[in-house]
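Engineer: From these two lone chains plus the hints, build me the complex, please.
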Amino acid sequence: MPLLKKPVRLSLWQRRGTKAVIHIMAIGYLAWLFLAGLSDKLGPDPVEVLINETGTWAIHFLLLTLSLSPMAKNLPSAEPMQFRRLIGVYTFVYALAHLLTYIAFELQFDMALVASEIISRPYIVVGMTALLLLFILTATSFKTLQRKMGRNWQRLHNTIYIILPLALLHFSWSQKTFWQEPVWYWLLGLLIMSPRIKKWANKVRANRSGSA
Amino acid sequence: MAKPFKPSVHLKDNDVTDESVYVNRRTLLKSLGFVGASTLLAKSAGAAGWFWEDDVDAPKSELKPQLKPLKFTQPSQFQINETRTPEDKVTTYNNFYEFGTGKDDPAKNATEFQTNSWTLKVDGLVKKPFVLDYESLTSRFPLEERIYRLRCVEAWSMVVPWIGFELAALIKQAEPLMSAKYVAFETLYDPEQMPGQRSRFVGGGIEYPYVEGLRLDEAMHPLTLMSVGLYGKTLPAQNGAPIRLVVPWKYGFKSIKSIVRIRLTDKQPPTTWNRLASNEYGFYANVNPQVAHPRWSQASERRITTGGLLARNRIDTQMFNGYQEVAPLYSGMDLSRYY
Chain A
378 MPLLKKPVRL
388 SLWQRRGTKA
398 VIHIMAIGYL
408 AWLFLAGLSD
418 KLGPDPVEVL
428 INETGTWAIH
438 FLLLTLSLSP
448 MAKNLPSAEP
458 MQFRRLIGVY
468 TFVYALAHLL
478 TYIAFELQFD
488 MALVASEIIS
498 RPYIVVGMTA
508 LLLLFILTAT
518 SFKTLQRKMG
528 RNWQRLHNTI
538 YIILPLALLH
548 FSWSQKTFWQ
558 EPVWYWLLGL
568 LIMSPRIKKW
578 ANKVRANRSG
588 SA
Chain B
11 MAKPFKPSVH
21 LKDNDVTDES
31 VYVNRRTLLK
41 SLGFVGASTL
51 LAKSAGAAGW
61 FWEDDVDAPK
71 SELKPQLKPL
81 KFTQPSQFQI
91 NETRTPEDKV
101 TTYNNFYEFG
111 TGKDDPAKNA
121 TEFQTNSWTL
131 KVDGLVKKPF
141 VLDYESLTSR
151 FPLEERIYRL
161 RCVEAWSMVV
171 PWIGFELAAL
181 IKQAEPLMSA
191 KYVAFETLYD
201 PEQMPGQRSR
211 FVGGGIEYPY
221 VEGLRLDEAM
231 HPLTLMSVGL
241 YGKTLPAQNG
251 APIRLVVPWK
261 YGFKSIKSIV
271 RIRLTDKQPP
281 TTWNRLASNE
291 YGFYANVNPQ
301 VAHPRWSQAS
311 ERRITTGGLL
321 ARNRIDTQMF
331 NGYQEVAPLY
341 SGMDLSRYY
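Protein chains in written order, with my numbering: chain A, 378 to 589; chain B, 11 to 349.
Looking at chain B on its own, in the form it has when it is part of the complex (with noise of 0.2 Å):
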């Protein structure tokens, strides 16, 4: 008589593999091996996209929010007579680490950034607190055109059109109370929208979201401005879409993008360079070729336009990025202790 047939291997119920686990094996084993691979091959695929990249990476130009061309004035004494850095190097170089610390990174992963529902509180030390939508972020101030030098922090500089309106009109608009000393800033707190939130491996491990301050003086300095747009239309993501600072005789960290949140305060606010490195970082941040970063001159600077590698772009740096009209408000502070 033939033995009854046992099993040697049992298999229960909770040991059968999940089906949409089973179905989608072939991806979620791929998924893993391109996590693996792509962290170490992500700075090359950069460089030699030609090499590396197939169309999955290819821009996703329907889901791209299109850029809106802006109406404005060019007034003259903002037309300056030097190089302007192309669009295109202007919306492909960027540091926004909520969008990853390469310098291509923004420009990738902001494409699907969704910004049409965007609200801009201002309140703190203010009689009339206000909240700018969308649409009055481009419309309740006339736009004016300023061509800016934009110097970084890490010594190269850019020459950008900038749009917007100044920073003092807003202010005035909320009526700072007497007791009102700083500004405070702050970028989109919303790691769905923004894998460096999400990530410290993508977005470098610094605090979020990202914070900046000004004293009121700096912030209603006619120079200081709230720009919504460059070269002619609206801000791209990686550029701080909907609505960012710029504040041109700063080192760029100071120039916060993306921003939902202006706070006069009676303190000095915290700010997020500052608070990761001190040393290296200062409140002022103001340009200054006298003083050093601590682990790179900033005596000179490049110069980002066109021309590759034989380009000498190498230039000195000068005290305020150039912007001499902006000594007074420092008279008498030692700035290499307020750096």
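Next up, chain A with everything else stripped away, as it sits in the complex (with noise of 0.2 Å):
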């Protein structure tokens, strides 16, 4: 039974305002956390700060993202739809800013311990790779570009489902013992993946009972 007789839909001014909030807030609180950290108002050790939230942030962005084409399936509204690329792009803003935090005030642009740490670190390794993916992501993430690639734009924007478990397995790496705060990120991140993992399945079984 239809929830509602039509589905919800937004005027153009209440799209545009719901972006300004999102602008507002996401470029609001990275600038807060810069401002607060240079006049030493993030604590002991604002580095430390600064690193955690750019870096978690980037993932609940990145889950949001993930989250929101199950949201518009289930919703009665596909409206959720128009604010992915947005989000999408926050993500990898702000795991740009958790990398270049890492190397001017964490390892403050000593660039021969910059270079040994990316190449000689498995889990700043598994973090890079990350990085560049999302980095591929952004770059192509223009409408005008999504229309010229056709069929390839879209395979190449699901390695977003490689980024997510790279991603949290560099959170769940940097951490000294396994039990903290990434485990609920696992959870969630499958919470919100299987509704995909069970069409995933679903065909891999379609097509093993094809050939046979």
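Treat the hints with care, since some could be wrong.
With a straight-line cut-off of 30 Å between C-alpha atoms, the simulated DSSO-like cross-links for lysine-lysine are [as the list claims (entries may be wrong)]:
id, chain 1, residue 1, chain 2, residue 2
1, B, Lys243, A, Lys418
2, B, Lys277, B, Lys131
3, B, Lys99, A, Lys553
4, A, Lys418, B, Lys78
Simulated from the structure, these hints should not be mistaken for lab results.
Structural biologist: This is the structure in structure tokens:
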């Protein structure tokens, strides 16, 4: 039974307003973090707070991006899809801020150290891979490019499904023990991905019975 | 004639909601919601306290055990000329997983930690085992202030004015037997008071009680301190009240907090972080810029003092954290193997 007679639609101005609010909150929080850090108002070690906050919020945005399409399928409205690209781009912005904080404030531009740490520490290699993939997705997120690339665009952007486990692995691996915050994020990620995983499993099963 | 009323739903006695649950239904629902949401928001709350925090979390000052001023001397050789880490940073940036894995968790979760019925037992391979009660922790041995560098295995460091006495004095009083080769330390195990010991989600899933160990000659070294205070007063709970170890030439995790037992042994005792990940944390854990942690370099460190993000506080890490006088303890040892 349909919940509503007509799907819910936002007017142009409601949509623009929602986007403006997302922009203000995402940029605002990032700016506040840096300003508070500069004036030593981020606790005993501002660098640690800044690295943690940019990293965990990049993952929050990533999880939100991935939950919009299941949300749109289950709500009597396709509107959540209107905000997916915007939130996806902020995933990259926060992840980039995370890396820059690490280079500028944690390692403090000791470039020899930066190079050796990025190359030789497996959890940083994993995080860098996720960031590079996010960069490619962000660089190809323009509407015109999407049209030009056709089906390849969707194929390329499916790498978001690889970025999620890479980002979570980087998070888990950066902790001193396993039983910490990242455990909750793995569970949430699994929950958000469960409809897709079910679909993929069905596809594999159908292919197998088809070829038999 | 009217039909007799027949209820469509039959409820028995055991279907009735327990009165206490009914009375507290709103509180129950609320706490369920808060538990779910707070696990994800916990980290953000730390950084953006102004945004999430409400009055419920305000420090309950009347429950806070009062820190007592201590009497101590200030031997000049330990008054080093380095900028001290401010007291509020020393007491709000702690690794003490018994009270949570976040750096700010111990200061928040240890406010009601009770230590006044404390006992510290010294036993094992000794002639005269003994027990120190709470009062004698600060009165049995003359106290002195020592300003030590503290180097964490996570590559940050502080400068802390500890107050305490040499571990050697304590051990001598017990008269160790010839067979004693090592000293084993144990933190309090009290899940009622230490939430990290109740839940692996709070305590990071390490094995409790926390245990540490030293070789007897390391324990007897004059730099090795039993600390009962910092910045002139007794230790705050989050810094390891009422008594903790401080071994300034080793990574911070060796300096075990809130000790209830010191035992002399003839075998190398197990140590908590070594048991958890022996490839990352050795028994010795001497500060050594040449031996990297498998996941990060130990060649330099960030010194936490004052100044915000722009403070250029990354400095080179020194061998034995600059305490070269301990080098003879390890002559002939391959320190990249015995890390």
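Engineer: Run every hint past the structure and note whether it holds.
Structural biologist: Hint by hint, here is what the structure shows:
| no. | hint | verdict |
| --- | --- | --- |
| 1 | Lys243/B - Lys418/A | 26 Å, holds |
| 2 | Lys277/B - Lys131/B | 19 Å, holds |
| 3 | Lys99/B - Lys553/A | 22 Å, holds |
| 4 | Lys418/A - Lys78/B | 29 Å, holds |
Of the hints listed earlier, there is not a single one the structure fails to meet.
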